[in-house]
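Protein chains in written order, with full-length UniProt numbering: chain A, 1 to 543; chain B, 1 to 103.
Since the hints were derived computationally from the structure, they do not count as laboratory data.
Small disclaimer: the values here were computed from a predicted structure and weren't measured.
Ideal placement from N, C-alpha and C gives every residue a C-beta, glycine not left out.
Heads up, some of the hints might be wrong.
[Unchecked claim] Cut-off 30 Å, straight-line C-alpha distance, at most; resulting in silico cross-link-like pairs (DSSO-like, lysine-lysine): (1) LYS42/A / LYS87/B; (2) LYS436/A / LYS382/A; (3) LYS415/A / LYS87/B; (4) LYS13/A / LYS80/A.
[What the hints assert, rightly or not] Label-pair distances were calculated between CB atoms; the ranges are: (5) LYS53/B / LYS506/A: 21 to 31 Å; (6) LYS87/B / GLU445/A: 11 to 21 Å; (7) ARG386/A / MET14/B: 44 to 54 Å; (8) GLU54/B / GLU105/A: 23 to 33 Å; (9) SER217/A / ARG45/B: 25 to 35 Å; (10) GLU7/A / VAL70/B: 18 to 28 Å; (11) ARG45/B / THR431/A: 55 to 65 Å; (12) GLU524/A / LEU89/B: 30 to 40 Å; (13) TYR242/A / LYS87/B: 50 to 60 Å; (14) SER154/A / GLU54/B: 19 to 29 Å.
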Amino acid sequence: MSLHGCEHLTSLKAAYGIQPFYIIHSYFIACSSIEARRVKAKSCFCHTCRYRGLRVHACLSCVYFGCYNEQHIHNHAKTKKHNLSVDLSYGTVYCYACGTFVYDEELENVARKQQRAAAATLGIKRDFAPWEPGQDEIELLRRNPKRRKVSENSHIGLRGLINLGNTCFMNCILQSLTHTPILRDYFLSDQHHCHMTANPQQCLVCEMGRLFQEFYSGVRTPYIPYKLLHLVWTNARHLAGYEQQDAHEFLIAALDVLHRHCQGQGTNGLSYSSSHHCNCIIDQIFTGGLQSDVTCKQCNNVSTTIDPIWDISLDLGPGPGSTTAAIAAGSNLVLSAVGDPALPMAVGPALVDLPTASLSPASGFTNSPSNYEPTSLLDCLKRFTRPEHLGNSAKIKCSNCSSYQESTKQLTMKKSPIVACFHLKRFEHSTGYHKKISTYVSFPEELDMTPFMSSSRNNSNGYTNQIVRESATGLSCDNKYSLFAVVNHSGTIESGHYTCYIRSHKEQWFKCEDHVITRATAGEVLSSEGYLLFYHKQLLEYA
Amino acid sequence: MADLQERKIKDAQMRATINQKLVETGERERLKELLRTRLIECGWRDQLKAQCKEIVQSKGLEHITVDDLVAEITPKGRALVPDNVKKELLQRIRTFLAQQSSM
Chain A
1 MSLHGCEHLT SLKAAYGIQP FYIIHSYFIA CSSIEARRVK AKSCFCHTCR YRGLRVHACL
61 SCVYFGCYNE QHIHNHAKTK KHNLSVDLSY GTVYCYACGT FVYDEELENV ARKQQRAAAA
121 TLGIKRDFAP WEPGQDEIEL LRRNPKRRKV SENSHIGLRG LINLGNTCFM NCILQSLTHT
181 PILRDYFLSD QHHCHMTANP QQCLVCEMGR LFQEFYSGVR TPYIPYKLLH LVWTNARHLA
241 GYEQQDAHEF LIAALDVLHR HCQGQGTNGL SYSSSHHCNC IIDQIFTGGL QSDVTCKQCN
301 NVSTTIDPIW DISLDLGPGP GSTTAAIAAG SNLVLSAVGD PALPMAVGPA LVDLPTASLS
361 PASGFTNSPS NYEPTSLLDC LKRFTRPEHL GNSAKIKCSN CSSYQESTKQ LTMKKSPIVA
421 CFHLKRFEHS TGYHKKISTY VSFPEELDMT PFMSSSRNNS NGYTNQIVRE SATGLSCDNK
481 YSLFAVVNHS GTIESGHYTC YIRSHKEQWF KCEDHVITRA TAGEVLSSEG YLLFYHKQLL
541 EYA
Chain B
1 MADLQERKIK DAQMRATINQ KLVETGERER LKELLRTRLI ECGWRDQLKA QCKEIVQSKG
61 LEHITVDDLV AEITPKGRAL VPDNVKKELL QRIRTFLAQQ SSM
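Please build the complete structure, drawing on both the sequences and the hints.
Written as structure tokens, this is what we have:
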């Protein structure tokens, strides 16, 4: 087998050139015109048995199509001594004299060119190609013969982190980041090129790269992330010191510093809010688009804004401005509970936090289930994306009817991020008191964000047929996510401890508590309290 | 009996018509591209490649033809296609046919 075909192909090419292949390939294999597609649709069948389907071959010497599976093309080749044919499904050339497929560089170039042209006429993006090592990579592989194979039960990537004095808030975020599949792929494939050329030792992105190297080196003794801690201290001064910090605050600060260092900006560079149109790895992975639609009650004019977000903070406890409704709902439950002795257990949790409801005036919202305390992530998201009446005291000037009007506001996701980070607001800082909300909020292992997307708000998705649309949205995997890390806080708002669960492979969960790593079950993870929830998109688009 | 025969012929005609429509409109190429992407994503391609390598290594490069490999790997390959990939493709074909018939 070589890239220069066989002697039979050579003599055929000497007699007729590449023309026969060129014509067959452009009309029956890779069509670039409507006419060619029509011809292809009509005439690709076996001339002997009229079979249409896979592995019908075209003779390269005369006008004959025959199927390979029933050997009709073989018989043709034998009787007519036409040794070469093209597979109409794949464009590969077969030689019956040699009894094997032949590979010819010239023909393959023709085929590739026509396939690209054909794909372009149909608007198919053929960006996805399996990785083939280039010259440099072959050389690199040759010089580094050691290979690490990752099997189902290998522990590679798992490493404890030493607590440097109340730094469990940092450790659990580092564990979550190092087990973010797409971030891991970025760092392990060495794609970061340092932009902090003046002082590369100060680059947090480079330090993250070193952390990934340490985690996936196979060493199993705990790692001491002192350099990383120091870098965070110098770059995010509000986190410096030996006090316990909020893990969420640390996550956002770390992402911000990473994002700035990706662009070579030092501590005094632009902040996140002013430079969000960025293509750095942090933005590619974590940035989602939050759409806010404000509808004027008077003229129904909708003004839309889209803001980039790195995480979604979700309120727990009764919704703001809904005290009356919540209490009303609560008392209904009490009444029904009294009437039915079987119920009190079930309504217990819903009543526990009622006294904490803020005493702001009630809005016109009743009946909305979101006025209850959310007990699941989906509840929280429903509440997050429901239309909210802005009320009499918050009139907004409508750009359409130019008057101050009451309006409703609705938040939806315009762009779903690759990694969705949900922050359950368990720490309440209201005037006069600070308190931790320990309500159990259930969260799923697999999450579909489709109902919370802006496209669901407009409710069409481009399908005209309703049945087709409904079944298509049910099947679409575009907004499906899998849980891969959960950060938990135990204790009170004054003193507590952070731990996290991370997923190393499918269904392989581990609990990380500073330097100790133990195996965990999915059940344990899903029944934990949950403070930060990290979800990874199941399918990535190749845009 | 005659009914069964008739239905078989009708089914075959239907299949041919659908196939022709898929090719004519280019939808078949789009579906193929989608399938290709999905199979790569879910690891099917890597899995099959590894199995092919194993077969070639065990039989020896000199003693195996593409036909042998195809015969041995095809049933395995079919069995390994994930259900949700099949479902998605089926859905896409349904959608396409619904659009065609409403036109």
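How does the Cβ-Cβ distance of GLU54/B and GLU105/A compare with 23 to 33 Å: does it lie in that range? Taking Cβ atoms as reference, GLU54/B and GLU105/A lie about 29 Å apart, which means the hint holds.
So does GLU7/A sit 18 to 28 Å from VAL70/B, Cβ to Cβ? Given about 25 Å between the Cβ atoms, the range holds.
LYS53/B and LYS506/A, beta-carbon distance inside 21 to 31 Å? holds (23 Å)
Given a hint of 19 to 29 Å, does the C-beta separation of SER154/A and GLU54/B actually sit inside it? holds (21 Å)
Do the Cβ positions of TYR242/A and LYS87/B conform to the proposed distance bound of 50 to 60 Å? 54 Å Cβ-Cβ, so the 50 to 60 Å window holds.
Starting from LYS436/A, check that the Cα of LYS382/A is at most 30 Å away, please. holds (22 Å)
Falls inside 30 to 40 Å, the C-beta gap from GLU524/A to LEU89/B? holds (37 Å)
Next pair to validate is LYS42/A with LYS87/B; report whether the Cα-Cα distance is within 30 Å. holds (28 Å)
Do the Cβ positions of SER217/A and ARG45/B conform to the proposed distance bound of 25 to 35 Å? holds (29 Å)
Agreement of LYS415/A and LYS87/B with the hint, judged by alpha carbon distance not exceeding 30 Å: holds (25 Å)
Verdict for ARG45/B, THR431/A (Cβ pair) under range 55 to 65 Å: holds (59 Å)
So if I understand the rule, the pair passes when the alpha-carbon distance is 30 Å or less; does LYS13/A with LYS80/A pass? Roughly 18 Å separates the two Cα atoms, so the pair holds.
The earlier numbered hints are all upheld by this structure, with none contradicted.
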